[in-house]
Amino acid sequence: MPRPDVTRFADPSFLILASLSTGPKHGYAMMEDIQAFSQILLEPGTLYGAINRLEERGFIRPLEYSERRRPYELTAAGEALFRERVTLFEKMSSEGRRRMNLRLSRAVGGQFP
Amino acid sequence: MKTVAQLLLKLYPKAWRVRYREEMSDLLDNHRVTCHTVMDLMIGAMKAQLFWERTGLWRIQFMLGCALLSMVCLLGYAVIQQDMRRGANFPQQTIVHQAATAIASGASFHVPEGTVNVKSSLSPFVIVYDNSGAVAESSVRLNGHTPALPVGVLDYTRGHGIDKITWQPTSGTRIAAVIEHYDGNGGGFVLSGRSLRVVENQETLLLRIVQWVWVGLLGTFSAFLYAFRRRRCASESS
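The listed protein sequences correspond, in order, to chains W and R. To get the numbering used here, take the position in the first sequence, counting from 1, and add 22. To get the numbering used here, take the position in the second sequence, counting from 1, and add 41.
Worth double-checking, as some hints may not be accurate.
[Unchecked claim] Capping the alpha-carbon separation at 25 angstroms, the derived lysine to any residue pairs in SDA-like fashion look like this:
{"#": "1", "chain 1": "R", "residue 1": "Lys43", "chain 2": "W", "residue 2": "Ala98"}
{"#": "2", "chain 1": "W", "residue 1": "Lys113", "chain 2": "W", "residue 2": "Ala98"}
{"#": "3", "chain 1": "R", "residue 1": "Lys160", "chain 2": "R", "residue 2": "Ala148"}
{"#": "4", "chain 1": "R", "residue 1": "Lys88", "chain 2": "W", "residue 2": "Leu63"}
{"#": "5", "chain 1": "R", "residue 1": "Lys160", "chain 2": "R", "residue 2": "Ala145"}
{"#": "6", "chain 1": "R", "residue 1": "Lys51", "chain 2": "W", "residue 2": "Pro93"}
{"#": "7", "chain 1": "R", "residue 1": "Lys88", "chain 2": "W", "residue 2": "Ser88"}
{"#": "8", "chain 1": "R", "residue 1": "Lys51", "chain 2": "W", "residue 2": "Lys113"}
{"#": "9", "chain 1": "R", "residue 1": "Lys43", "chain 2": "W", "residue 2": "Ser88"}
{"#": "10", "chain 1": "R", "residue 1": "Lys205", "chain 2": "R", "residue 2": "Lys88"}
{"#": "11", "chain 1": "R", "residue 1": "Lys51", "chain 2": "W", "residue 2": "Ala98"}
{"#": "12", "chain 1": "R", "residue 1": "Lys88", "chain 2": "R", "residue 2": "Ile121"}
{"#": "13", "chain 1": "R", "residue 1": "Lys55", "chain 2": "W", "residue 2": "Ser88"}
{"#": "14", "chain 1": "R", "residue 1": "Lys43", "chain 2": "W", "residue 2": "Asn74"}
{"#": "15", "chain 1": "R", "residue 1": "Lys55", "chain 2": "W", "residue 2": "Asp55"}
{"#": "16", "chain 1": "R", "residue 1": "Lys55", "chain 2": "W", "residue 2": "Asn74"}
{"#": "17", "chain 1": "R", "residue 1": "Lys55", "chain 2": "W", "residue 2": "Arg107"}
{"#": "18", "chain 1": "R", "residue 1": "Lys160", "chain 2": "R", "residue 2": "Glu241"}
{"#": "19", "chain 1": "R", "residue 1": "Lys51", "chain 2": "W", "residue 2": "Tyr87"}
{"#": "20", "chain 1": "R", "residue 1": "Lys55", "chain 2": "R", "residue 2": "Leu109"}
{"#": "21", "chain 1": "R", "residue 1": "Lys43", "chain 2": "R", "residue 2": "Met80"}
{"#": "22", "chain 1": "R", "residue 1": "Lys43", "chain 2": "W", "residue 2": "Ala58"}
{"#": "23", "chain 1": "R", "residue 1": "Lys205", "chain 2": "R", "residue 2": "Gln134"}
{"#": "24", "chain 1": "R", "residue 1": "Lys51", "chain 2": "W", "residue 2": "Ser88"}
{"#": "25", "chain 1": "R", "residue 1": "Lys43", "chain 2": "W", "residue 2": "Ile62"}
{"#": "26", "chain 1": "R", "residue 1": "Lys160", "chain 2": "R", "residue 2": "Ser146"}
{"#": "27", "chain 1": "R", "residue 1": "Lys160", "chain 2": "R", "residue 2": "Arg199"}
{"#": "28", "chain 1": "W", "residue 1": "Lys47", "chain 2": "R", "residue 2": "Val79"}
Note that these hints are calculated values from the structure, not bench results.
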């Protein structure tokens with residue numbers, strides 16, 4: 023059973039899972055994709071540290087080399103973990119929004135109670 | 042910068058390099074390498090060396106942990122020992138300063154002759170030298186004579202104003218001595234010292250305590266590392 027503790031919100035592992043959720047990518051493509059959708063630049067040391075953790079725990083797998091580049095893809099366990107995390111983050115996000123609105127509705131004359 | 046980044050890949054463990062070097066190297070060829078990249082690679086390599094699971098990892102963790110704990114103990118001992126040694130310069134510093142000021146201004150200053158036997162007494166003593174380095178007055182005796190200062194001490198003090206030394210006039214007798222040069226009244230030097238016997242006994246005790254703490258820390262660290270590795274093996278096998 024894969025360990026579920028490899029992803030936290032916005033940590034490199036989660037960002038890699040998110041990047042690979044749209045299809046296999048090699049390291050550089052992942053780096054570019056992650057920067058495009060999250061504005062977070064994962065440097066090579068961090069990126070490959072996370073790739074290694076995800077690969078060892080069976081959440082991603084390497085494909086055949088294409089020249090010097092090696093693409094990775096999500097495994098079924100990786101996809102399940104990604105879905106689970108996205109659901110959790112959505113719940114946290116909607117609860118956060120609900121609480122924020124509640125606080126705003128309580129504000130009187132621009133002052134929070 | 043790119044060359045530095047490529048060289049940093051060599052810091053990763055060999056097995057890691059066999060697995061990832063080719064693709065990391067390709068990534069670095071295409072990536073805009075900055076200081077942040079270099080730092081990131083260094084941290085990545087350090088983490089991989091210390092925590093990436095492979096044969097013989099426990100040896101590296103054990104040796105590094107032991108080296109780190111030994112350095113902490115050694116540093117702790119050195120800091121406390123130096124503080125104790127510096128503390129042994131009091132009250133000599135005050136004595137020499139007051140004596141030098143008094144003699145230089147022509148005020149009366151009297152040293153009780155030969156009252157301190159440095160082999161047996163822990164009391165501070167005073168030696169006054171004239172400007173040529175000859176003993177003018179002395180309250181200390183060692184085997185019936187005022188012990189002779191090592192060559193060059195007074196010359197150094199003449200150039201620097203004050204000097205603090207550990208003086209060993211004879212085997213087994215060590216003295217914390219402070220020497221100050223004065224210009225007025227013909228010029229000269231005042232030395233005040235006291236036996237380091239008590240301080241050295243305290244240093245020996247400190248050394249024993251640090252040794253036991255060191256052994257205790259190594260034991261605790263070994264037990265912790267063993268438990269950590271067992272837990273990691275168990276978690277990976279499940």
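Cross-check of the supplied hints:
no. : hint                   : result
1   : R:Lys43 with W:Ala98   : violated, 37 angstroms
2   : W:Lys113 with W:Ala98  : holds, 23 angstroms
3   : R:Lys160 with R:Ala148 : violated, 31 angstroms
4   : R:Lys88 with W:Leu63   : holds, 19 angstroms
5   : R:Lys160 with R:Ala145 : violated, 31 angstroms
6   : R:Lys51 with W:Pro93   : holds, 23 angstroms
7   : R:Lys88 with W:Ser88   : violated, 28 angstroms
8   : R:Lys51 with W:Lys113  : violated, 44 angstroms
9   : R:Lys43 with W:Ser88   : holds, 23 angstroms
10  : R:Lys205 with R:Lys88  : violated, 46 angstroms
11  : R:Lys51 with W:Ala98   : violated, 34 angstroms
12  : R:Lys88 with R:Ile121  : violated, 33 angstroms
13  : R:Lys55 with W:Ser88   : holds, 23 angstroms
14  : R:Lys43 with W:Asn74   : holds, 23 angstroms
15  : R:Lys55 with W:Asp55   : violated, 29 angstroms
16  : R:Lys55 with W:Asn74   : holds, 15 angstroms
17  : R:Lys55 with W:Arg107  : violated, 34 angstroms
18  : R:Lys160 with R:Glu241 : holds, 14 angstroms
19  : R:Lys51 with W:Tyr87   : holds, 21 angstroms
20  : R:Lys55 with R:Leu109  : holds, 24 angstroms
21  : R:Lys43 with R:Met80   : holds, 13 angstroms
22  : R:Lys43 with W:Ala58   : holds, 23 angstroms
23  : R:Lys205 with R:Gln134 : holds, 9 angstroms
24  : R:Lys51 with W:Ser88   : holds, 23 angstroms
25  : R:Lys43 with W:Ile62   : holds, 21 angstroms
26  : R:Lys160 with R:Ser146 : violated, 33 angstroms
27  : R:Lys160 with R:Arg199 : violated, 28 angstroms
28  : W:Lys47 with R:Val79   : holds, 24 angstroms
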